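K.L.:
If you read the protein sequences in the order shown, they are chains A and B. Letter 225 of the first sequence, counting from 1, is numbered 225 in full-length UniProt numbering, and no numbers are missing. Letter 346 of the second sequence, counting from 1, is numbered 346 in full-length UniProt numbering, and no numbers are missing.
Quick caveat, the hints were computed from the structure, so don't treat them as lab data. Please note that a few of the clues may not be correct.
To be verified - For the chain B half of the interface with chain A, some residues (derived, Cβ under 10 Å), not all of them: (1) Ile171; (2) Ser172; (3) Ser173; (4) Asn197; (5) Leu199; (6) Lys206; (7) Leu208; (8) Tyr215; (9) Glu232; (10) His235; (11) Asp246; (12) Leu254.
Model, not experiment: these values are computed from the prediction. Glycine included, each C-beta is placed from N, C-alpha and C at the ideal position.
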Amino acid sequence: MNFSEVFKQSNQLCKVSPDGKYLATCVQYRLVVRDINSLQIVHLYTCLDQVMHMEWSSDSLFILCAMYKRGLVQVWSLEQPDWHCKIDEGSIGLVSSRWSPDGRHILNTTEFNLRVTVWSLCTKAVSYIKYPKACQKGVDFSADGRYMALAERRECKDYISVFVCDDWHLLRHFESETQDLAGLEWSPNSCVLAVWDSCLEYKILLYSLDGRLLSLYSAYEWSLGIKSVAWSPSSQFLAVGSYDEKVRILNHITWKKITEFEHPATIINTKAVVFKEVEKRPVVGSEDLSIHQLTVDNSLFSTQSKYEITQLPAQVPVIKPDPDRANPKIGISTLAFSADNRFLATKNDNMPQSLWVWDMQRLSLLAVLEQTAPVRCFVWDPRRPRLALCTGNTKVYLWSPAGCVSVNVPIFNRAHAIMSKIVFEGIKCGLCSQAEH
Amino acid sequence: CPPPLLTLSHISGISMSPSRQNSHHSLHSTMVLPKTSYSVISAFCTEENISQCIAYINQEVCSLGLTGVSLESESGGLSAVLVLNLLYEVLQLQRRAQRALHELETQQLKNGSDLEHLQHSNCRLKDQLEHTRRENSGLHEGERQLQLKIKTLQNCLKSEKEEVQKLQSIISSRATQYNHDTKRKERECTKLKERLNQLLMDKRDKKLSIEMSNYVGRSDGKRGLWKTSKMEARHEGEMYRALLSDYETRQRSLVLENSELKKVLQHMKKDMIAILSPKNVCVQPEPADDSLEQAVSEGEEEAGDRSRESLEQSCEQAREQLTNSIRMQWRKLKSHMERLDSQVSLEREGDEVMSRKEHEDEMQRMRLELQQCKEFIHMQQQLLQQQLSSPCDEETAALLNDCYTLEEKERLKEEWRLFSEQKRNFERERKNFTEAAIRLGHERKAFEEDRAVWLKTQFLNMTPFVDRKRPALSEPHGALAVSTEPEAKLQSTPPLVTKSQSYSVFSTPKAAPVKMPSTADLYRTLHLIPESRGHGKCASGEMLTKSRLRNCSTDCSVISLVRDESSPV
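Please model the entire structure based on the sequences and the hints provided.
P.N.:
What follows is the structure, given as structure tokens:
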């Protein structure tokens, strides 16, 4: 794996364009666009304030930069660098800003979630959507970009509006049977909308595209409920991760649970492989301690690490959460399916250093990766069944059904290592570009 | 001294008078002296033994501790005062004794009654003790049961406590969540209020606006459309179309899966029926069942056909039928397997050993064979390898080639030699045959002439011309001689034998042509080959036999001789 030199950026704003050709980074109020292969600066734009959020449009022609403090959104064009666009939300403030799937509309959520303003770049027209709900995931676009589902709350009741992204026509508006809607997500085939309640009640509802309730699933009462939800790429499975450290898989035919994955502290399943990251510091000889060596060769201080396979039964390190705090660090917080539908990666918050990989064909545990530091983020390769994860140090770890490997990323200053997400994006783009060529 | 013996016993007799009930109260009775006793007392003391009596009484009295009576012999009589005193003392003594006796008697009565009383109370107490002991054990039992109950109740209590704790923790976590949310909402509310205040105070109001250099074209390049009801209908239609297509794909995949599973089930069913077919099932414990099974399995096969037809229909009944039949077959298979298992376990040792031995022998043989085959293959491989990996330099290749060609040449030479030998043989035979044929022709001619002559003579003989000379007699001799010649030649050349024999068989031989015939013509004339065939030595020989068989009946030895002769060299 080859790595480029390090680029400065702020606020973890570093994104690869959807077509994989450019890399955009934000530094304070500047937007830098580089070519991905040569990493030469292609464009340089200056915004009016510190950029808080930056996003590529779906056709990779535009980039929006949102400045929440000033309530401004600026849009830049790649084809025509002279073209400029500025959207001012006025006194109403700005809390979030995003593109629509067609790349020609911008949706701004105003402060206090008073309304969502839809700006059109084609016609300068404005549409308003009232009473949007401020929750974990209140807006979702379908995979084909045709529909948008928006959660609303009026008079202490939850509603869901389905809009046609073409002309923002309100297709359906129906009441949701949730107590306090926490999120909604379209299935990849855009026919089913999964809606889940806040953690005070375990309830997940499945609505068809035309607003009919298909099914309701509730695993238990009273204890804290759903923490995360993920669809499988084929829309066959819906994985629901909850605070009781279990993932429940629902199937798309009957919408009933077909299995549940437990995350016990002791692993006794003999078919699973437990990879444990083992660090070893290199032995330093006295002749290596010259100043020149220290400044140039930073591998001296970096630790080598490799994976060892642990004998079963294996113990997974557990951190007990503080019971007096809200949103306790326990339960399945992140779920991700592989692109070929065969694997599911999960992370249990009270076992923060471990990542669990499940085989969806056999519906059993396949591997457990135990790192030396808490796992920050992980992402699947969009083409192959390969998982990349990082833990906030200078390494990137890769897992595939064939095995595990840890790759050292040459970052000089350890302070930059905190922004491992960027490196991550770099890896992702590397994977993308590898796939392309 | 002694008259007292008698008197004492009398006294004792007096004291034990029958008027008293308590006979052991010996001294009690002396209050009333019966009259008769007087005489006894007087018997004790008489006129004569007064002094003795007095002495004796003094003795007795002294022993009792009283003052004795002293005799005053002035008058020879006792002092009445002393005697009266003595008597009085004795009476006192007597009274005292009686009183004591009375007291003792009362005491004894009292003791007796006390004893009775004590015995009664003892019995009573014993009973009481028994009763209390029983009560005690009963109470123990009750206590034990209560202890048990306490334990179970304690367990219940513990579990209830645990549940309460769990619920409490749930409640507390929910409470913290609620608090957190409430706080968040409160904060937001305050922010809103502040903002509202700020806005109310703020005069200038920034309007929301958008500034763009120029309009951007739509991503799909088309022009924007107005929002009309037709558009709305179109959107609805698109939405429903999307849903329908999704349902259709799902249904298609489900139908596919369904049909595949049904196929698998059908195959399974067929296999199961095959396994359970009557000839396979050996032990049938209940004949009634068997017939039923057979009938059912036959019915099953029919049903199998039927259900195959209804497979396409995939109606409820077909599905049920299939699943039911599968279940039935599976149950039969299971019972069959169980029966087999029990059979195997009940199998006798001898049988097992035998079969095992056979089995092992078989295995050994097969292994040996396998080994041999492997070795053979290995060898072949080696040779092949040698062949392929042989040095590719020209010389050795050429040499090898030469070797091969040499080998071939040798082989060819050999074959050529054989061929020429055969050809020579053939020529020889042909020559012989031709000569024989010629001779045969001659003989035939001669024979014909002889025959003609003979016929003529016969005919002539039949007629009255008897004295006619028989000139042809010499001729038949010639023919006969000729005919015997081949007989002489019989041993030397077997082919001639056959030919002459064949010649004799022919009933109407054709007239042999005069000129030297070719072999083919000869053959043809002799009906040894069919008209249109070319002559080949071996094959025609065969054909000869066949045609001969067809034309006339010959004995097998001839045929076999011919066949042997004409078989390929």
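K.L.:
Against each hint, give a clear statement of whether it holds in the structure.
P.N.:
Structure-based check of all given hints:
1. For the restraint placing B/Ile171 at the interface with chain A, the shortest Cβ-Cβ distance is roughly 8 Å, inside the 10 Å limit, so the hint holds.
2. For B/Ser172, the shortest C-beta to C-beta distance to chain A is roughly 7 Å, which falls under 10 Å, so the interface hint holds.
3. For B/Ser173, the interface hint holds, the least distance from its beta-carbon to any beta-carbon of chain A being 6 Å, beneath 10 Å.
4. The restraint placing B/Asn197 at the interface with chain A is violated, with a minimum CB-CB distance near 13 Å, outside the 10 Å limit.
5. Of the supplied interface hints, the one on B/Leu199 holds, with its beta-carbon coming within about 6 Å of a beta-carbon of chain A, less than 10 Å.
6. Interface hint at B/Lys206: satisfied, since its Cβ lies 4 Å from the closest Cβ of chain A, which is below the 10 Å cut-off.
7. A distance limit of 10 Å between C-beta atoms decides the matter here; for B/Leu208 the minimum to chain A is near 4 Å, and the interface restraint holds.
8. For B/Tyr215, the shortest C-beta to C-beta distance to chain A is roughly 6 Å, which falls under 10 Å, so the interface hint holds.
9. Restraint check, B/Glu232 versus chain A: the minimum CB separation of about 6 Å is within 10 Å; hint holds.
10. Proximity of B/His235 to chain A holds as hinted, the smallest CB-CB distance being about 5 Å (cut-off 10 Å).
11. Proximity of B/Asp246 to chain A holds as hinted, the smallest CB-CB distance being about 4 Å (cut-off 10 Å).
12. Because the closest C-beta pair between B/Leu254 and chain A is about 7 Å apart, less than 10 Å, the hint holds.
In terms of the numbered hints stated before, the structure departs from hint 4 and from no other.
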